[in-house]
Amino acid sequence: FFFQAEDGIRDIGVTGVQTCALPISPWIFVIILISILGYRALSYRQLALDVLEHSTRGVSFVVDRNSRLRRVNAQGRDLLSMDTGTPLRNMLSYYCHTDVHMEILRFVDASMQSRGLQTHNLLYRANESEREIVLSALPLYGISGAFKGLLIKIGRAHV
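Per our numbering: the sequence shown ends with 141, consecutive numbering throughout.
Be careful, since some hints might not be right.
Derived Cβ-Cβ restraints for the label pairs, each shown as a range [stated by the list, open to error]:
1) Asp65 x Ser126: 17 to 27 Å
2) Tyr76 x Ile13: 35 to 45 Å
3) Arg59 x Ile13: 36 to 46 Å
4) Tyr106 x Ile13: 48 to 58 Å
5) Arg71 x Ser126: 43 to 53 Å
6) Arg50 x Arg113: 25 to 35 Å
7) Asp91 x Ala128: 28 to 38 Å
8) Arg138 x Asp91: 18 to 28 Å
9) Asp60 x Leu105: 13 to 23 Å
10) Asp60 x Glu112: 13 to 23 Å
11) Met64 x Arg39: 14 to 24 Å
12) Gly67 x Ile10: 44 to 54 Å
Note that these hints are calculated values from the structure, not bench results.
Beta carbons are placed, not taken as given, at the ideal position from N, Cα and C, and that holds for glycine.
Can you make the complete structure from the sequences, with help from the hints?
See below:
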């Protein structure tokens, strides 16, 4: 980055601002790219957590990529027969004791394998009547694009 060559010939076409801007511009690009990716990942994660925290209808829970239960809403605790003192971060299978739980576990395992958006209708028997529920799996990804787990939603099927 010389304004004047050693032999005394001056390059008039290159100014100090242009010379300094050349090595800085890739760093600005990298910083902008990281900011955009970070914002998208945080907003995606926040969306998933908002769905979990504020959903008043249906069951919602998050399992990580190792099938460990990370978060669960109040309806999810009821479905899995958990009280507020039940610890999280165990394998999802630890909380599954009934036939319906086993069907949910199979759905989660299949969704983990595909790592894509999944939906499945499940018909089960409860109190001498048949009910249909809809299972949905939304994949969660980190800033780098690595698979982090699933947001599972369980709701009643609309007739």
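Holds or violated: the 35 to 45 Å window for the beta-carbon distance between Tyr76 and Ile13?
holds, 43 Å
Check the following: the C-beta atoms of Asp60 and Glu112 are separated by a distance inside 13 to 23 Å.
holds, 20 Å
Against the range 18 to 28 Å, how does the distance between the Cβ atoms of Arg138 and Asp91 compare: consistent or not?
Since Arg138 and Asp91 have Cβ atoms about 23 Å apart, the given range 18 to 28 Å holds.
Pairwise beta carbon distance, Tyr106 to Ile13, judged against the given window 48 to 58 Å:
Roughly 52 Å apart at Cβ, these two residues keep to the hinted range, so it holds.
Range hint 28 to 38 Å (beta carbons of Asp91 and Ala128) holds or violated:
violated, 19 Å
Is the hinted range of 14 to 24 Å satisfied by the C-beta distance from Met64 to Arg39?
With a Cβ separation near 19 Å, Met64 and Arg39 satisfy 14 to 24 Å, so the hint holds.
Starting from the hint 43 to 53 Å, judge whether the C-beta atoms of Arg71 and Ser126 obey it.
violated, 22 Å
Can you let me know if the beta-carbon spacing of Arg59 and Ile13 is within 36 to 46 Å?
For Ile13 against Arg59, whose Cβ atoms are near 42 Å apart, the range 36 to 46 Å holds.
Arg113 and Arg50 - C-beta distance against the hinted 25 to 35 Å
holds, 28 Å
Assessment of proposed distance window 17 to 27 Å (beta carbons of Asp65, Ser126)
violated, 37 Å
So the hint says 44 to 54 Å: do the beta-carbon atoms of Gly67 and Ile10 match that?
holds, 51 Å
Using the Cβ atoms, figure out if Asp60 sits within 13 to 23 Å of Leu105.
holds, 20 Å
Checked against the numbered hints above, the structure violates hints 1, 5 and 7; every other hint is satisfied.
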